[in-house]
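Undergrad: My request is simple: use the sequences and hints to build the entire structure.
The listed protein sequences derive, respectively, from chains A and B. Heads up: take any position in the first sequence, counting from 1, add 159, and you land on the numbering used here. Heads up: take any position in the second sequence, counting from 1, add 47, and you land on the numbering used here.
Note that these hints are calculated values from the structure, not bench results. Incorrect hints may have been included.
[Said to hold, decoys possible] The following label-pair restraints were derived from C-beta to C-beta distances: (1) B:119 to A:199: 15 to 25 angstroms; (2) A:212 to B:132: 38 to 48 angstroms; (3) A:172 to B:147: 22 to 32 angstroms; (4) A:176 to B:99: 39 to 49 angstroms; (5) A:187 to B:101: 37 to 47 angstroms; (6) A:168 to B:99: 17 to 27 angstroms; (7) B:61 to A:212: 48 to 58 angstroms; (8) B:147 to A:238: 15 to 25 angstroms; (9) A:229 to B:64: 25 to 35 angstroms; (10) B:127 to A:225: 35 to 45 angstroms; (11) A:168 to B:127: 31 to 41 angstroms; (12) A:215 to B:128: 40 to 50 angstroms.
[As the list claims (entries may be wrong)] A few chain B residues that face chain A, going by a derived Cβ cut-off under 8 angstroms, partial list only: (13) 89; (14) 95; (15) 138; (16) 142; (17) 147; (18) 148; (19) 150; (20) 151; (21) 152.
Every value quoted in this text rests on a predicted model; they were computed, and no experiment measured them. Every residue, glycine too, gets a C-beta built ideally from N, C-alpha and C.
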Amino acid sequence: GQNIDQPTEMTATEGAIVQINCTYQTSGFNGLFWYQQHAGEAPTFLSYNVLDGLEEKGRFSSFLSRSKGYSYLLLKELQMKDSASYLCAVRDWAGANNLFFGTGTRLTVIP
Amino acid sequence: EPEVTQTPSHQVTQMGQEVILRCVPISNHLYFYWYRQILGQKVEFLVSFYNNEISEKSEIFDDQFSVERPDGSNFTLKIRSTKLEDSAMYFCAKQQGSGEQYFGPGTRLTVT
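TA: Here it is in structure tokens:
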């Protein structure tokens, strides 16, 4: 089976840095994905890690440790528009590349 | 960013009725997926479709669901006899060669 855990909610201040953690236990592993989802909208792709280490993409970075079953998403220079849910998802090697999602972390950015 | 369109954006139907949700990828891809998200809950995988055949399906994807690519372009999800618990956002997604999955805007299905 698949088990993906993320904090339910986080609050951070505009201009700050926030780290959203994700731990996973899955039967197979072929990559970890982070998506942003604003209320009432579709998930938007942010990043994808398949190997250990840090992937940087502008203000967003994502880290993966396969041995620990752990990932984090780092958001720098927070803006009000970053208030959204952040979804961690794992691709199961045994399947047809479909994604298994965590429940998401709702981030609120305050002035 | 690759585009996927979905129609309708919102569908209201009565319990027991059939609904067809449509997905139109802008460019040709081999892998397509349907996911759903019940309000306030996580995104759940329904079915994957590869090379015009079902590749994988979840426990949610029971006999009342079916997928087709009727004309080689549109990609449809049919729910034969809707139930109240089918009310959700339904997302179509396609996969790039690098493995990234991009979601369409979704169809909000409301079953009354």
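Undergrad: A separate judgement is required for each hint: does it hold in the structure or not?
TA: To see whether the hints hold, each was checked on the structure:
1. B:119 to A:199: 15 to 25 angstroms: Cβ of residue 119 of chain B to Cβ of residue 199 of chain A: about 32 angstroms, so the range 15 to 25 angstroms is violated.
2. A:212 to B:132: 38 to 48 angstroms: holds (41 angstroms)
3. A:172 to B:147: 22 to 32 angstroms: Holds, since residue 172 of chain A and residue 147 of chain B (Cβ atoms, about 31 angstroms apart) stay within the stated range.
4. A:176 to B:99: 39 to 49 angstroms: At roughly 46 angstroms between Cβ atoms, residue 99 of chain B and residue 176 of chain A fall inside 39 to 49 angstroms, so the hint holds.
5. A:187 to B:101: 37 to 47 angstroms: Violated, at about 19 angstroms.
6. A:168 to B:99: 17 to 27 angstroms: With a Cβ separation near 42 angstroms, residue 168 of chain A and residue 99 of chain B fall outside 17 to 27 angstroms, so the hint is violated.
7. B:61 to A:212: 48 to 58 angstroms: holds (52 angstroms)
8. B:147 to A:238: 15 to 25 angstroms: Given range 15 to 25 angstroms: holds, Cβ gap about 24 angstroms.
9. A:229 to B:64: 25 to 35 angstroms: violated (45 angstroms)
10. B:127 to A:225: 35 to 45 angstroms: Between residue 127 of chain B and residue 225 of chain A, where Cβ atoms are some 41 angstroms apart, the hint holds.
11. A:168 to B:127: 31 to 41 angstroms: holds (38 angstroms)
12. A:215 to B:128: 40 to 50 angstroms: holds (48 angstroms)
13. 89: With a minimum Cβ separation of about 5 angstroms from chain A (threshold 8 angstroms), the hint on residue 89 of chain B holds.
14. 95: holds (4 angstroms)
15. 138: holds (6 angstroms)
16. 142: holds (6 angstroms)
17. 147: This interface hint holds because 6 angstroms falls under the 8 angstroms limit.
18. 148: holds (6 angstroms)
19. 150: holds (4 angstroms)
20. 151: holds (6 angstroms)
21. 152: Result: holds, 5 angstroms to nearest chain A Cβ.
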